[in-house]
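Visitor: Here is how the chains run, residue by residue.
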Amino acid sequence: MVLAPSVAVTPSELPPVRPGGVCVLDLRTLTADQVLAVVNQLDGLEAAGQLVSPLSALRG
Amino acid sequence: MNVLIISASMGAGHDGAARELQRRLRRDGHDATVVDYLTAFPLGLGRVVRTGYRWELRLAPWTYEWTYRLWYLLPVMAAPLMAVLSLFTERKVQRWVVETGADTVVSTYPLASLTIGRARRRGRLAVPTSTFITDFAVHPLWAARGVDLNLTVHPQAAGSVHDQTGAPAAAPGPMVDDRFLALVPSRTEARARLGIPADARVALIVAGSWGVGAVRRTFDDIVASPGWQPLAVCGHNKRLRRALESRRAGWVLGWTDQMPALMAAADVLVENAGGLTCMEAFAVGLPVVSYRPIAGHGRGNARDMATAGVADFAAPGELGAALVRSLGPDGARRRAAGRAMFAGEAAEEVARLAGAPRPVEAAAPVRSRHRPVRVALAGVASVAIGLVLTSVGAGIAAAHGLAVAHPPAHSSTAYVAVRLGAEAAADARVPPALASAHVTAIVSGQMAALHPVAVGALAAAGVDVANGGWGPHRGLVWTWHADVQRSADAIRDATGGKVRTFAPGRSINGFALMSAS
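Protein chains in written order, with this note's numbering: chain A, 1 to 60; chain B, 1 to 517.
Bound conformation, chain A alone:
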């Protein structure tokens, strides 16, 4: 089980993604293009050196 508050996301602004933290982005109201824009921003973070992993990598 993963507990983390969901953060509503606007297409233009990605909320802070902190090292050692769990970030759940609520994209349910966004279109596919807007979701891809958010994912591109996450890719940008990774390109800048921030490691990103899925929730399954968390310790149970």
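Calculated directly from the structure, the hints in this document are not laboratory data.
Be aware that one or more of the hints could be misleading.
Which bits of chain A does chain B cover? Going by a derived footprint, with three or more residues having C-beta under 8 Å, they are [stated by the list, open to error]:
id: 1; segment: 22–30
id: 2; segment: 44–55
Just the calculated beta-carbon pair ranges, DEER-fashion [as the list claims (entries may be wrong)]:
id: 3; chain 1: B; residue 1: Glu318; chain 2: A; residue 2: Pro19; range: 35 to 45 Å
id: 4; chain 1: A; residue 1: Gln41; chain 2: B; residue 2: Gly496; range: 25 to 35 Å
id: 5; chain 1: A; residue 1: Thr29; chain 2: B; residue 2: Leu43; range: 51 to 61 Å
id: 6; chain 1: B; residue 1: Gly496; chain 2: A; residue 2: Thr29; range: 22 to 32 Å
id: 7; chain 1: A; residue 1: Pro15; chain 2: B; residue 2: Gly52; range: 46 to 56 Å
id: 8; chain 1: B; residue 1: Arg486; chain 2: A; residue 2: Thr29; range: 17 to 27 Å
All C-beta atoms, glycine included, are put in the ideal place defined by N, C-alpha and C.
Start from chain A and add chain B according to the hints.
Guide: Frame of chain A, contents of chain B only:
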């Protein structure tokens, strides 16, 4: 030597082990008395407990699964339960000890073990006590502190109860009637007696004396397995018997005392509880397959028997393959491992314990003139404690990371997930983008049910898919589990794999922990 054996009329398993222990003790020259723990409750509450348990298994097995898991998550709740049980039943248990002149007390029922263990620890029971654990899986309620000796059906279970209690444990093996050990008729004789053709492939289905569980589906699955025919024993469940007889396939029986002959005639046993009948099959040397087990101890036993290598555990849809496997080398190995369980003699262990030193002396029972008030207060207190621990206590535990996944200490990684809408999930560009970004997609059960292709595409692209619950939940807190399970099933159906991460969008309590565990 006088032995008091406390069983419970909850199905036939506890009573079966108790009666067999009684028979063996008497054979060895001892006096043994079997009593029903449920009769120790005042005001007929024992009957209420039994009836409630029976209907719970039939109508709402998920609630039994909750309570079964709850003890693993919050073993601290055992203390208040023990206190309440003792308040209701300990006086009667002590009276039984006096009336029978017992030199030792054996329990074959977990709640009775909690009661005698507590009495022993508090110096209110002078004679040594033991528990004969009839289940393969040792649930925390079986592991009663204060009990002097734990006897189990398998060394794996003995190790488990010793780890949980620190008390001595031994594995004398299952307690089954001699009819299953030495007096089993030949296959030819048994089939002739039952009218079963010599060349038929027969799977014997059992579901306990109450005939509970998904027996109809198991029956149908066997009928659908090429070359196999079911031989079903429905116990006292007349409705089940009528339902199976209407299928006009195989053989269907009600309650019977001809189990040795039925086992001799069958090629394999298909069971759902890991109960006494399962142990009898081990004695006969009949291969055992656990299938569609009942909630709680049924699943636990099926898992632990498979781990111990004495039974196969088939997933839904895989019964046919398991039946074939049972006739080959795998089945032979498991049969040998099952028969090897009958290595000891529980009656001798009990007799030895009765002659052991008694370090704890009994204190005189204290009589209260305010018993009805105490009973009422205990009832209210137990409900309150249960609710508080299940909600607030579990929430605190969850907040501190217990049973909840969390980042490793000093991690430099960010763990990211997105909750997706159906429209975005259905876009072919999204799944590969999420997979490339190492981001989890949290989907609801509703989305998986309505858009299985889109959700399946996420998994197919390598995206980590998490269960976000069914959707907005407006029901009662205890119906939430059904939503979680329903969403897990829908996502599994869409992705073809089990979803291991549950990411709720709500506050957490004991019900949530149990749902997700």
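Visitor: Now tell me if each hint is right for this structure.
Guide: Checked hints:
Residues of the segment 22–30 of chain A lying with their CB closer than 8 Å to a CB of chain B number 9, which satisfies the three-residue condition for coverage. Coverage of the segment 44–55 of chain A by chain B holds. Counting CB-CB distances below 8 Å, 8 residues qualify, and the rule asks for three or more. Hint check: glutamate 318(B) to proline 19(A), Cβ distance near 44 Å, so the stated range 35 to 45 Å holds. About 31 Å separates the C-beta atoms of glutamine 41(A) and glycine 496(B), a value consistent with the hinted range of 25 to 35 Å.
Threonine 29(A) and leucine 43(B) have their C-beta atoms about 56 Å apart, which keeps the hinted 51 to 61 Å range intact. The supplied range of 22 to 32 Å is met by glycine 496(B) and threonine 29(A), whose beta-carbon atoms lie about 29 Å from each other. Checked against the hint of 46 to 56 Å, the pair proline 15(A) and glycine 52(B) passes, with Cβ atoms roughly 49 Å apart. A hinted range of 17 to 27 Å for the beta carbons of arginine 486(B) and threonine 29(A) is consistent with their spacing of about 24 Å.
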